[in-house]
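S.K.: Here is what each chain is made of, one letter per residue.
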Amino acid sequence: SQQGEEDPQALSIQEGENATMNCSYKTSINNLQWYRQNSGRGLVHLILIRSNEREKHSGRLRVTLDTSKKSSSLLITASRAADTASYFCATAAPYNNNDMRFGAGTRLTVKP
Amino acid sequence: EAGVAQSPRYKIIEKRQSVAFWCNPISGHATLYWYQQILGQGPKLLIQFQNNGVVDDSQLPKDRFSAERLKGVDSTLKIQPAKLEDSAVYLCASSRPRGVAYEQYFGPGTRLTVT
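Heads up: the protein sequence lines correspond to chains X and D, in order.
Numbering of the first sequence is given in the numbering used here, commencing with residue 1 and proceeding in unit increments.
Numbering of the second sequence is given in the numbering used here, commencing with residue 1 and proceeding in unit increments.
None of these hints come from the bench; they were simulated from the model.
Where a beta carbon is used, it is the ideal one built from N, C-alpha and C, also for glycine.
Heads up, some of the hints might be wrong.
Pairs of lysine to aspartate or glutamate, EDC-like flavour, derived with a Cα cap of 16 Å [what the hints assert, rightly or not]:
1. X:Lys69 <-> X:Asp83
2. D:Lys44 <-> X:Glu5
3. D:Lys44 <-> X:Asp99
4. D:Lys83 <-> D:Asp63
5. X:Lys26 <-> X:Asp83
6. D:Lys44 <-> D:Glu14
Just a sample of chain X residues kept apart from chain D, beta carbon distances all over 12 Å, derived [said to hold, decoys possible]:
7. Gln9
8. Ser12
9. Glu15
10. Asn31
11. Gln33
12. Leu48
13. Thr77
14. Ser86
15. Arg101
Build the full structure now, drawing on both the sequences and the hints.
M.R.: See the structure below:
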C-alpha cells in the first residue's frame with residue numbers, strides 16, 4: 001500500500017508561526033496531493049506535486065517531495081486561526097492516477 | 001461551478017436497518033468516488049466509477065454495501081443491513097483529468113450513526 005502517514009498526529013501553534021507537517025509513504029507514486037478538512041466538512045484540495053518535482057508553492061503553502069526518502073512535507077507560513085483544520089496527504093499509484101490513498105491526517109490548531 | 005452535492009447530511013439508524021446515500025458530482029466529471037471516513041482516520045476508498053462503469057471496488061464490503069451510477073451522472077451508495085462499525089462519514093468526490101494527475105472535489109459528506 002502507498003498510503004501516506006502524516007506526522008505529527010496533532011500540532012498546536014500560535015497565529016503567525018509556521019506549521020510543518022510531514023507525510024511518509026511506502027511504494028512508488030505518480031503524484032502526491034495535500035488536502036485540508038475543516039471540522040464537519042468535506043476535503044478541499046490544496047496542492048499537487050508530481051513525482052518528478054521537488055518543490056511547489058501556492059500562496060502561503062510550500063510542499064516538498066523527496067522520492068528517495070518517500071516523504072513529503074507541507075509548510076504553512078504565517079499561520080492564521082482559519083488554518084485550523086486536519087491536513088491529509090494522499091498518494092496516487094503509478095498504474096492508476098485515480099487510485100488515491102489517504103493517511104490519517106495531522107490535526108492543526110492555530111491559536112489566535 | 002456548483003460543487004459536489006450529497007444528501008442527506010445526517011442519518012441515524014438502528015443496526016440491521018438499511019440506508020442509502022445520494023451524490024451528484026460536478027457537471028462534466030467522469031470519475032466519481034465514494035469514501036468512508038471513520039472518526040479520527042483518513043478517507044478510505046470504497047468504490048470508484050468512470051462514467052457508469054466500476055473501476056475499483058476492492059475495498060467495498062460487497063456482502064452489505066452496494067453502489068450504482070446509472071447514466072454516468074449521479075450515484076447512490078446503499079448499506080443493507082447496517083452494522084455498528086458502519087458509523088462514519090461517507091464522502092463522495094468527483095474528478096476530471098488534468099493532464100496526467102487528478103484533483104478530487106469532495107462533497108460535504110453524510111454522517112451516519114448506527115445505534
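S.K.: Does each hint hold? Answer for all of them.
M.R.: Now for the hints, and whether the structure bears them out:
Between lysine 69 of chain X and aspartate 83 of chain X the CA atoms are separated by roughly 28 Å; this puts the pair beyond 16 Å, and the hint is violated. Of the pairs offered as hints, the one joining lysine 44 of chain D and glutamate 5 of chain X holds, with about 13 Å between alpha carbons and a cut-off of 16 Å not exceeded. Of the pairs offered as hints, the one joining lysine 44 of chain D and aspartate 99 of chain X holds, with about 11 Å between alpha carbons and a cut-off of 16 Å not exceeded. At most 16 Å may separate the alpha-carbon atoms for a hinted pair to count; lysine 83 of chain D and aspartate 63 of chain D meet this at roughly 12 Å.
Between the alpha carbons of lysine 26 of chain X and aspartate 83 of chain X the distance comes to roughly 28 Å, so the proposed pair goes past 16 Å and is violated. This hinted pair does not check out: lysine 44 of chain D and glutamate 14 of chain D have alpha carbons roughly 23 Å apart, beyond 16 Å. Against chain D, the non-interface label of glutamine 9 of chain X is violated: not every CB pair exceeds 12 Å, the least being about 9 Å. The Cβ of serine 12 of chain X sits about 17 Å from the closest Cβ of chain D, beyond the 12 Å cut-off, so the non-interface label holds.
The non-interface label for glutamate 15 of chain X is consistent with chain D: the shortest C-beta to C-beta separation is roughly 25 Å, beyond 12 Å. Some Cβ of chain D comes within 12 Å of the Cβ of asparagine 31 of chain X; the nearest lies about 5 Å off, and the non-interface call is violated. For glutamine 33 of chain X, the requirement that its beta carbon stay farther than 12 Å from each beta carbon of chain D is not met, with the minimum near 7 Å. Against chain D, the non-interface label of leucine 48 of chain X is violated: not every CB pair exceeds 12 Å, the least being about 6 Å.
Look at threonine 77 of chain X: its CB is around 23 Å from the nearest CB on chain D, clear of 12 Å, so calling it non-interface holds up. Residue placement check: serine 86 of chain X does not keep its beta carbon more than 12 Å from all beta carbons of chain D (closest about 9 Å). Taking the minimum C-beta to C-beta distance to chain D, about 7 Å, the non-interface status of arginine 101 of chain X is violated against the 12 Å cut.
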